[in-house]
Amino acid sequence: MSVIVLVEHTEGIIKKKSLEAVQYASAIAKNTGTTATAVIAGNVAESEMQSLGNYGANKVLHVADDKLNPSQHRAFARILVTAARQENSTVIVTLHDVNGRAIAPRVAIQLKAGLISGALSLPDTDKGFVSKKSAFSGKAFAFVNVISDVKVVMLAPNSFPLVKAEGSAAIEKLVVNFEDKDFGVKVLSVDKISGEIPLSDAELVVSGGRGLKGPENWGLIEDLAKELGAATACSRPVADAHWRPHHEHVGQTGGTIRPNLYIAAGISGAIQHLAGVSGSKTIVVINKDPEAPFFKAANYGVVGDVMEVLPRLTEALRKFKSQQH
Amino acid sequence: MKVLVCISHVPDTVAKIVLKDNNTAIDESGITYIINPYDEWYALIRALELKETGVANAVHLITVGRANTEPIIRKALALGGDEAIRIDADSTDAYVTAHYIAEYAKSENYDLVLCGKESIDYANGAVGPMLAELLDVDFVGFATDIKLDGQTITIKREIDGGEETDSLSLPVVISCQKGVAEARIPNMRGIMAARTKPLKTITPAAISAVTNVAYYELPAAKSGVKLIAPDQMDELVSLLHAEAKVI
Ligand SMILES: Cc1cc2nc3c(=O)[nH]c(=O)nc-3n(C[C@H](O)[C@H](O)[C@H](O)COP(=O)(O)OP(=O)(O)OC[C@H]3O[C@@H](n4cnc5c(N)ncnc54)[C@H](O)[C@@H]3O)c2cc1C
Ligand SMILES: Nc1ncnc2c1ncn2[C@@H]1O[C@H](COP(=O)(O)O)[C@@H](O)[C@H]1O
Chain A
119 MSVIVLVEHT
129 EGIIKKKSLE
139 AVQYASAIAK
149 NTGTTATAVI
159 AGNVAESEMQ
169 SLGNYGANKV
179 LHVADDKLNP
189 SQHRAFARIL
199 VTAARQENST
209 VIVTLHDVNG
219 RAIAPRVAIQ
229 LKAGLISGAL
239 SLPDTDKGFV
249 SKKSAFSGKA
259 FAFVNVISDV
269 KVVMLAPNSF
279 PLVKAEGSAA
289 IEKLVVNFED
299 KDFGVKVLSV
309 DKISGEIPLS
319 DAELVVSGGR
329 GLKGPENWGL
339 IEDLAKELGA
349 ATACSRPVAD
359 AHWRPHHEHV
369 GQTGGTIRPN
379 LYIAAGISGA
389 IQHLAGVSGS
399 KTIVVINKDP
409 EAPFFKAANY
419 GVVGDVMEVL
429 PRLTEALRKF
439 KSQQH
Chain B
4 MKVLVCISHV
14 PDTVAKIVLK
24 DNNTAIDESG
34 ITYIINPYDE
44 WYALIRALEL
54 KETGVANAVH
64 LITVGRANTE
74 PIIRKALALG
84 GDEAIRIDAD
94 STDAYVTAHY
104 IAEYAKSENY
114 DLVLCGKESI
124 DYANGAVGPM
134 LAELLDVDFV
144 GFATDIKLDG
154 QTITIKREID
164 GGEETDSLSL
174 PVVISCQKGV
184 AEARIPNMRG
194 IMAARTKPLK
204 TITPAAISAV
214 TNVAYYELPA
224 AKSGVKLIAP
234 DQMDELVSLL
244 HAEAKVI
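Respectively, the protein sequence lines represent chains A and B. So the first sequence is numbered by our numbering: it starts at 119 and just counts up by one. So the second sequence is numbered by our numbering: it starts at 4 and just counts up by one.
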């Protein structure tokens, strides 16, 4: 009956957002009087798997197959379905990310289960199995109820702070009978954006708009991001003009992010831009126009010229950090 | 080669969301519906390009929705496509929507099914992979580039922290996002032609939903922006540390 949770790793290091998923699955397990079972595939050290116990996993099912690639979603769907059947599970958790979003819907079909995408809250089991999610580009929250016996939940990353506790997890091998069709996707090449923090996982984001005037001024954004340890983002016109790469574009037609801090410099705050960032916990807006719509969505605002304000903010952070040590 | 494009209808981005019936429903009276942008700008246009370059010989459009969604599918036909299918059913649940589309698609043997990355209403992005599972084919999500060479398809797609190029054999379901194609505006000729293109309506055997929306909430209004003078960045930093607790 345990709650199954898929764990992702990068070359053997478990992703932080997967720890969040394990913690989330373990909280569901507690609320429903059962335990949490993590499922992980590929080359991962025993000690790394055991650390999942600190986030509430009671058991880890390990698929020791090093030819598995996260893009082989069918293989991963089969892993989860095998685990769920073996454990008699009625709740399966993945992340709402590029991998989880390709795997979980397949699992839902195989197990005839209802799916909640981008869950922001623990399921309320008094009302059925109801979880909160963002809807209409952040303009509302929908509380989705799953009425099938089996439930599949994709957790939105960065929704719950991690709390490390002491715990231990028993590791078991999971045997999966793969089929040839599980490996239909051949990966020709991978292009990782190295040295940068992936935007989708970032807790802190510094973003620039047309107010920066041109790519030559992006050093101001990068300096601040570096000082903060933040990822960088931009508005659509900035990506369209090739001032910045497309993967940085956030908004309705770009990425959706929910960082703890979003600093928007020289961005007007059009509704399509807000659609991608309104889930941010704290928003700082720097704009020379006090009437810019973004100020209405901001927690902190600075009415001023980005060319002057950004270096000052970077400097203030540097000072703050040196005082911290 | 036959291509199917899945078209969903969504409230216009700028639509104001008003709740009714004790917050259990959205007031639809003030809302205009549009073609889901990912479907219109990327999935549909890429399908049309494949036809224009002679790679595809048929492009069909499908939507699951009631009669009020007909203008949306006609609008899609004005951009292009040979025929459209409307499955006359509610599309509130991805599980059900995917089953209806799969039921139809099975009989037509499509080589390529193109979806959008997600519908902008609930942002599930679930119909594509569910459809792939039901059709027993591969799925590649978040594509930014799609190239076809005979039975082999090469797809660039977003992965965690980067991009990857995948190769696989048809048939396949792909979800499209920015990069796959350039949006177009329908012209008068397309709009006229769309009026006479076949639009089939199919009444499916009903499937029960496995999810529903119990209720909605509107986000709490921001308590108002706290303004900090542009020469007081130390103050902003200490607010972010002590008050917002984000650094
Ligand atoms: C269907 C659709 C989808 C869209 N999707 C997206 C999307 O995904 N993401 C997105 O971002 N946009 C999207 N847009 C575009 C969106 O409507 C806006 O046009 C866009 O977000 C504006 O970008 P911006 O704020 O950088 O530029 P602008 O609107 O030009 O704003 C620049 C801002 O910088 C300020 N400024 C100028 N100089 C300075 C200075 N020296 N110091 C301080 N401030 C300064 C100005 O006061 C202004 O507020 C979409 C539009 C449509 C129609
Ligand atoms: N009612 C529908 N009819 C046809 N296709 C749909 C429908 N709903 C979703 N789709 C397709 O599935 C994609 C993902 O939608 P969703 O799972 O609703 O986020 C959309 O971009 C469409 O291509």
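If you are wondering where the hints come from, they were derived from the structure by calculation, not from laboratory data. Note that the Cβ used here is the ideal one computed from N, Cα and C, for glycine as well. The reader is advised that the hints may include incorrect statements.
[To be verified] Under the rule of at most 27 Å between Cα atoms (straight-line distance), these lysine-lysine pairs were calculated in the DSSO-like manner:
#1 B:K248 x A:K250
#2 A:K299 x B:K23
#3 B:K200 x A:K310
#4 B:K203 x B:K5
#5 B:K248 x B:K225
#6 A:K299 x B:K229
#7 B:K248 x A:K257
#8 A:K406 x A:K331
#9 A:K310 x A:K230
#10 B:K19 x A:K399
#11 A:K185 x A:K291
#12 A:K299 x A:K282
#13 A:K230 x A:K257
#14 B:K23 x B:K225
#15 A:K148 x A:K133
#16 A:K282 x A:K439
#17 A:K344 x A:K134
#18 B:K200 x A:K250
#19 A:K257 x B:K229
#20 B:K23 x A:K406
#21 B:K248 x A:K406
#22 B:K159 x A:K185
#23 B:K109 x A:K230
#24 B:K203 x B:K109
#25 B:K248 x A:K414
#26 B:K225 x A:K414
#27 B:K200 x B:K54
[To be verified] Okay, the calculated bits of chain A under chain B, using three or more residues with CB under 8 Å as the criterion:
#28 245 to 256
#29 397 to 410
Check: Hints broken by the structure, by number, lowest first?
Finding: Hints 2, 3, 6, 9, 12, 13, 18, 20 are the ones this structure does not satisfy, whereas the remaining hints hold.
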